[in-house]
Amino acid sequence: MIFIIDDDVAMARCIARACKGFKSKIYSNAIAAIDATNDRLPKLIFLDILLDGPDGFTLLNELASYPDTCKIPIVIVSSLDLKESDLSSYNVVGILSKDSMTPSDILSYAEEYDS
Amino acid sequence: MISEVDGILVTAHELKAPLAVIRQLAFSLEELKPENEQIRSEMIQVSERAIKQVNDLAKVRRLEDGLFVMEPVSVRAVCNDASKELTRLYKSERKGLSVRYSNRSRLVTANRDLLYSVVYNFLLNAMHYSSDDTTAKLLVSDNKENVKIVVRDYGPALPTDVWRKLKDGYLEEPTSIAMRPGSSGLGLYIASEFSKYMHAKLGAVRHRDGTSIFVELPISKQASLFV
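These protein sequences, in sequence, are chains A and B.
Number 20 in the numbering used here belongs to position 20 of the first sequence; there are no gaps in the numbering.
Whatever position you read off the second sequence (first residue = 1), add 1000 for the numbering used here.
Think of the hints as simulated: they come from the structure by calculation, not from any bench.
These figures come from a predicted structure and were not determined experimentally.
Treat the hints with care, as some may be off.
[Stated by the list, open to error] Lysine to aspartate or glutamate pairs mimicking EDC-like chemistry, simulated, CA-CA at most 20 Å apart:
#, chain 1, residue 1, chain 2, residue 2
1, B, Lys1059, A, Glu111
2, B, Lys1091, B, Glu1042
3, B, Lys1059, B, Glu1014
4, B, Lys1201, B, Glu1071
5, A, Lys25, A, Asp105
6, B, Lys1084, A, Asp81
7, B, Lys1016, A, Asp52
8, B, Lys1052, B, Glu1085
9, A, Lys23, A, Asp81
10, B, Lys1052, A, Asp81
11, B, Lys1201, B, Asp1168
12, B, Lys1052, A, Asp99
13, B, Lys1196, B, Glu1145
14, A, Lys20, B, Asp1081
15, B, Lys1016, A, Glu112
16, B, Lys1148, B, Asp1113
17, B, Lys1059, A, Asp114
18, B, Lys1052, B, Glu1014
19, B, Lys1059, B, Glu1071
20, A, Lys83, A, Asp68
21, A, Lys20, B, Glu1030
22, A, Lys20, A, Asp81
23, A, Lys23, A, Asp35
24, B, Lys1016, A, Asp39
25, B, Lys1016, A, Asp35
26, B, Lys1052, B, Glu1030
27, A, Lys83, A, Glu111
28, A, Lys25, A, Asp81
29, A, Lys83, B, Asp1113
30, B, Lys1084, B, Asp1133
31, B, Lys1016, A, Asp55
32, B, Lys1201, B, Asp1133
33, A, Lys71, A, Asp99
34, B, Lys1091, B, Asp1133
35, B, Lys1016, B, Glu1048
[Stated by the list, open to error] If you only want the chain A side, here are some residues facing chain B, beta carbon under 7 Å, derived:
#, residue
36, Asp8
37, Gly21
38, Phe22
39, Lys23
40, Lys25
Ideal placement from N, C-alpha and C gives every residue a C-beta, glycine not left out.
Based on the provided sequences and hints, a complete structural model is requested.
Okay, structure coming up:
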């Protein structure tokens, strides 16, 4: 299962479509996504940073605080200009720019971490 | 003033989000007939250009913060990248682009991203204003102090009022280029602001059959010590 966390539902659906053949679930805010990890740990998370309510960094800190969730691989999907060095404290395995990513970029992460 | 400035950044962000979605939606379309593939390709290209312009507009605001590092930059590499990115678009618009270097591949003092945007905007302007089946030219030359990047198009000449404003080396505001249809002058304004930040000089030459727009950048003294 892949979690896609983005308050822009149209963009979240595009990411879900790109993950062809993989089960995914969309969450439009960080709180709903954190609640969902109590029921089931995803194999991979695609995470937007600018969210309604608590932002992506809040979610990253929350995930990093527990021994089970801190191991979930996370791909940041954002239009912000982020560097991997800014996110080295978290289990971020990749950064995709919303401006330039393609469906194959998204699919390659799904294939690597959820197969 | 602060709220006006913040408004630009907020607007830029709000514009970028739907543009990025449109681009992804175009990718999401399943296999299409060959004639519709062209439409998909144009949707992606148009949204990418719009995203780039919105990003540039946000960067204009951020220039005041002085966060764009000035460093030795290869003009050739920047011109190669920008021209490569636009070659397909030129072809689809039935226009050509030729690139010629008559400089010694020296480094200039600039910010790579800002310089890329300047060249990209010049080339985009040249594509818009060149007549069908003409070939715009990108020429890079140098002298003792500067490297000059010139983009020559074959369309309507730049109006004299804009040309006069450019004589000072910069544009103070976006200037509608009425004789060049479909232009708000925003691309040229962005190029002007980025040039000003890099201590580069913008200029233009009017021709009977088009316009040459150029930027002159100071050669990197720091890098020349190692040559």
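Q: Sort out which numbered hints this structure fails and list those numbers smallest first.
A: 1, 6, 9, 14, 15, 17, 20, 22, 24, 25, 26, 27, 28, 32, 33, 37, 38, 39, 40
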